[in-house]
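Peer 1: Top line first, the protein sequences correspond to chains A and B.
Throughout, this note's numbering is defined as the position within the first sequence, counted from one, plus 441.
Throughout, this note's numbering is defined as the position within the second sequence, counted from one, plus 441.
Read the hints as simulated data drawn from the structure, not as lab findings.
All of these numbers come straight from a predicted model, not from anything done at the bench.
Hints should not be assumed to be uniformly reliable.
A pair counts as met if it fits within one copy or between any two copies, since identical chains are not told apart.
With a Cα cut of at most 20 Å, we get these calculated SDA-like pairs of lysine to any residue [unchecked claim]:
1) LYS493 <-> ILE505
2) LYS446 <-> GLY506
3) LYS585 <-> ARG469
4) LYS450 <-> THR561
5) LYS559 <-> LEU811
6) LYS762 <-> LEU811
7) LYS617 <-> GLU500
2 protein chains.
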Amino acid sequence: MYYSKLFGKTSKTVSADEESVNAQFLIRGGFVSKQMAGVYNYLPLGLRVLTKIQNIVREEMTAIGGSEILMPSLTQEESYKTTGRDTMDVLFHTEGPGGAKYVLNPTHEEVVTPLVQKYTFSYQDLPLSVFQIQNKYRNEPRAKSGILRGREFNMKDLYSFHANEESLNEFYEVAKKAYHKVYTRLGLGDITVLTYASGGAFSRYSHEFQTLNEVGEDTVYFCEECRVGINKEIIADQNSCPECGNMDLVQKNGIEVGNIFKLGQKFSSAFGFKVLDAEGKELPVEMGCYGIGPSRVMGTLVEVFHDEKGIIWPEAVAPFKYHLLALGREDETFAEAEKIYKNLVASGAEVLFDDRRDVTAGVKFADADLIGLPVRLIVSKKTLDQQSVEMKKRNEAESKLVPIADLV
Amino acid sequence: MYYSKLFGKTSKTVSADEESVNAQFLIRGGFVSKQMAGVYNYLPLGLRVLTKIQNIVREEMTAIGGSEILMPSLTQEESYKTTGRDTMDVLFHTEGPGGAKYVLNPTHEEVVTPLVQKYTFSYQDLPLSVFQIQNKYRNEPRAKSGILRGREFNMKDLYSFHANEESLNEFYEVAKKAYHKVYTRLGLGDITVLTYASGGAFSRYSHEFQTLNEVGEDTVYFCEECRVGINKEIIADQNSCPECGNMDLVQKNGIEVGNIFKLGQKFSSAFGFKVLDAEGKELPVEMGCYGIGPSRVMGTLVEVFHDEKGIIWPEAVAPFKYHLLALGREDETFAEAEKIYKNLVASGAEVLFDDRRDVTAGVKFADADLIGLPVRLIVSKKTLDQQSVEMKKRNEAESKLVPIADLV
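Just chain A, same shape as in the assembly:
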């Protein structure tokens, strides 16, 4: 990609009402543009990151047997009356023809439960799990954390259905492992901890995945032995590590980057979803739900991976791997840089080529640090005199000369 042709440029300033580091850098770097509080436009750079996060999540959900579907955002309010959730504060309401009452789904239990019910008759059809990657709508009273907490945001939500509790418990552990794998691939594995949270009516615990970070809105009591956390909500009832009994817990801030929950029969019983067992007897269906917000993950990555100059993207989700900078005024330098760009692209590499001729080297360096691609390559008269480019990783201070012949 030629930077000169990229839609969405870097900027030095950002609106004063953006308090969060993620919004500051994502807006300044040209990744997102604010529409209104809690609602953002994704520019090409930002959409590339979001898509890469979605694909990692998609791969791991598919690997544990999840079938991808796509449910709508508009749904009959009636479905929420069925489950008693029509009074939730976060619901956006709207009206269809003839005053028909719709809501914008903040989560999809009210859609997925009757949907799966329609295609499931026998215990032999279970277990099954379906997931989608789609937008959610929540009328959050406060939306000041950039893309960490949006009124419209992207979500992967998987739902599992089981003929008995053992099957749910077994899949729940499989999903837990898949979640750890997702965070590891995203570069957040070391600092993202399974956190025990309230289980609601049907289960002792649910689990959050908390990325430990000082800007996190959640408080986590962390066991350094087992590397698990306990959510603030349940610390009064559970003041020791549920895994080893350790009472010496360390208080930390966390960003909730995932949540898995045994729903039990809450939604299946509301919709009368039962299956027949081998003897033709009706069995109530057990459900679990498993959420990760790709847009929130993207914001979390910026909160975790940045310095004072800008973002430091992990390679797995960086919009491009290489940021190629042509410096100087000589036509020959730009022609050589162009050749290197084309060779890299032809070899399958993802390259952002800063081909601007009307800005200084200083501006290009500052933009490269702000945008935060993993590897910066500089082409100048000086490097070309040595048939080389200067290579520097965004997360390292030292640069080195690399012969052009070795690049591709």
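Following the hints, complete the assembly by docking chain B onto the known chain A.
Peer 2: Leaving out everything else, chain B in the frame of chain A:
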């Protein structure tokens, strides 16, 4: 994919309120499931088709220089007051915190114009074009055409921005060609015709792409010489072919599968979007918009490509290329079919494997015809005795034996 593990099964019946052929077959085939009038869930088979259509559209929009972005669905009603479109009938309205008024975007001019304005200063930044593939919301009074006309539906919308009319006109012709290419790749090229429609205040014509088909809601006056159409709305003013003057026009029905429109300065002037020319003088920005609805295209493909037994997907968008059927009761047949399945998948082929052991050959044949994959492969004791599979294309009557060794 094992059919036994596929979420969303075929069914013999469909709700009586589904009048359209596309909804009938898509629901019966397990591609979509109706949420409410004009709102559908996409099951795995349907999502695969939708994604393939989106990717073809994405590739062709990228090829003409479009940058992919992602805009939100929730937007301030204020933006629609700015353009005077806040009174449109199709707007869904909702309220945010403190009674803030939002709408669900039925199209994105009110979002994209100020967004592009934010990053565009000089005539040298133009022309540029951005597009997204995203959901649209329209409060249609009547939504009886399955996924042809939805209240929530998928749309690719591209917007182009220009410093003068010549540049807009030039890009408009490029987009026209790209649209023809999309329909050709989708298998609709021969029956999808450029149709002259009302141009609004800024241009003599806009253009629709109409797929000629008897179920189409639109009336097209078709010139068989030039293979272009004239929309009913303008036939009173334009009663001959705009390209050759032919007055012998044939009345046909069409499904509108695309629309391109010169917006002129309508939206740029509402938002005060101007750029500076080389002399520092302000130039008003010219805009064009270009829409294709992947979900509507999917419905159109079913209307066009089906017989009384089911859908006949064009290969480019079929959810899988091969439908592999194991017939009979012998374990050996299923074991051999499984081997063939794995070899085909390993070779990169997309295969749906009907591995069910509890249904008759007749059920499998009927499901294969209903689902409509391009190539049916039958494995049975009889074919295995000849080290072969029976291959039949969905759009041909004849089958032939193909040696297993030649398959992969």
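Peer 1: Work down the list of hints and note, for each, if the structure agrees.
Peer 2: Status of the hints after comparison with the structure:
Taking the closest pair of Cα atoms, LYS493 and ILE505 come within 20 Å of each other only inside a single copy of the chain (19 Å); across copies the shortest separation is 23 Å, beyond that limit. For the homomeric pair LYS446 and GLY506, the shortest alpha-carbon distance between copies (9 Å) is at most 20 Å, but the shortest distance inside one copy (41 Å) is not. In this assembly of identical chains, the alpha carbons of LYS585 and ARG469 lie at most 20 Å apart only when taken from the same copy (17 Å versus 46 Å across copies). For a Cα distance limit of 20 Å, the shortest separation of LYS450 from THR561 across copies, 9 Å, qualifies, whereas the shortest one inside one copy, 50 Å, does not.
Only between protomers do LYS559 and LEU811 lie at most 20 Å apart by alpha-carbon distance; the minimum there is 19 Å, versus 50 Å within a single protomer. For a Cα distance limit of 20 Å, the shortest separation of LYS762 from LEU811 inside one copy, 14 Å, qualifies, whereas the shortest one across copies, 45 Å, does not. In this assembly of identical chains, the alpha carbons of LYS617 and GLU500 lie at most 20 Å apart only when taken from the same copy (15 Å versus 36 Å across copies).
The earlier numbered hints are all upheld by this structure, with none contradicted.
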